[in-house]
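Engineer: Take a look at the letters that make up each chain.
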Amino acid sequence: MFSKLLQGFQVKSAQTRNQQLYRDLLKRESAIGAELFGEIPEGHRREFFCLDEHTWIWFEAWYEQGKERTMTVRYEVRQDSILKAQDGQHYQLVGEQEGKNLLEAARLYSKRVIMDMYLPDPITATA
Amino acid sequence: MNPLPRYIEKSLEKSQPDEVEVKAYSDRALIIARAKNLLAYANRVTLPYEEYDFSKYVEILKAQKAEKHRAQTIMSTMPSTIVNLHQVNSEEAPEQPNSLPIADKPATTSSPALTPEEAVLREAGLIVEAEALSIESYDHFQEKANV
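Heads up: the sequence lines are chains A and B, in that order. With our numbering applied, the first sequence covers 1 to 127. With our numbering applied, the second sequence covers 1 to 147.
In case anyone wonders, no lab produced these hints; they're calculated from the structure. Treat the hints with caution; some may be incorrect.
[Stated by the list, open to error] Dumping the calculated BS3-like pairs for lysine-lysine here, alpha-carbon to alpha-carbon at most 25 Å:
1. A:Lys27 <-> B:Lys23
2. A:Lys84 <-> A:Lys27
3. A:Lys100 <-> A:Lys111
4. A:Lys111 <-> B:Lys23
5. A:Lys12 <-> A:Lys27
6. A:Lys111 <-> A:Lys27
7. A:Lys111 <-> A:Lys84
8. A:Lys84 <-> A:Lys100
9. A:Lys12 <-> B:Lys23
Could you put together the complete structure from these sequences and hints?
Structural biologist: In structure tokens, the structure reads:
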């Protein structure tokens, strides 16, 4: 009985840690992603990250007349098309140019994030 | 000692990542590579080879899995005495000099096509089974997106 409880607790603890770690990684990736689109205007906050295999998120927040404005664009990638939903509105098809821009951003994101975060450090790799 | 992923060096200041961390890093790297490739496919753009493109790792994993499955199937059909003998041999036999020509080597045990970066990743254990993830989405953005 006790060992079962302990086992259950350990499994839950591992899951929680996994989730926290994953969120932390996403936040760090997002900070890198935000830099891909050039300089962020003063007072703006930007985030861009890959949520999962099919989803990319672009978030922007800024102040306008003392009020915070936000914009969230969610890109859903399918085998044959790319859809986007802005601020929870209905999905619409992404045009050719926007699709290419998104791909370019994804390529840069992939390269930067993997190099900066996940590839072994060449110094320790050769040590 | 395995080389340290940069993330660990910079942020966690640990000497070695534990299993959970290594799995999280490799999962994310694979997800990003797949997401990028899916996007390219949706755009119908042929991806040129990029230095840190992880897409071929999926193929490596598939090959490894197929090889493992094949070995298990063969083992399961062997009489138990032969299986035991095989296990003893594989555990105790010293490494044999490889006399096979390269073309005759099994595809999954040697990786002549691996780049140095891939070799480092394999050694670091960053290439692992791409299992289905049971991870909560990024709450903040889910709430924002709300779709």
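Engineer: Next, verify each hint and record whether it holds.
Structural biologist: Cross-check of the supplied hints:
Simply put, Lys27 of chain A and Lys23 of chain B have alpha-carbon atoms about 18 Å apart, close enough for the 25 Å limit, and the pair holds. Under the criterion of a C-alpha separation no larger than 25 Å, the hint pairing Lys84 of chain A with Lys27 of chain A is consistent with the structure, at around 22 Å. For the hint linking Lys100 of chain A to Lys111 of chain A, the alpha-carbon distance of about 17 Å falls within 25 Å, and the restraint holds. Distance restraint check for Lys111 of chain A and Lys23 of chain B: the Cα-Cα separation of roughly 19 Å lies within the 25 Å cut-off, and the hinted pair is therefore satisfied.
At roughly 23 Å between alpha-carbon atoms, Lys12 of chain A and Lys27 of chain A fall within 25 Å of each other, so this suggested pair holds. Distance hint between Lys111 of chain A and Lys27 of chain A is fulfilled; the C-alpha atoms sit about 17 Å from each other, no more than 25 Å. For the proposed pair Lys111 of chain A and Lys84 of chain A, the alpha carbon gap of about 23 Å is at most 25 Å, so the pair holds. Among the hinted pairs, Lys84 of chain A with Lys100 of chain A is consistent with the structure: their alpha-carbon atoms are about 14 Å apart, no more than 25 Å.
With a C-alpha separation of about 17 Å, the suggested pairing of Lys12 of chain A with Lys23 of chain B holds against the 25 Å cut-off.
The structure fails none of the hints (numbered hints given earlier).
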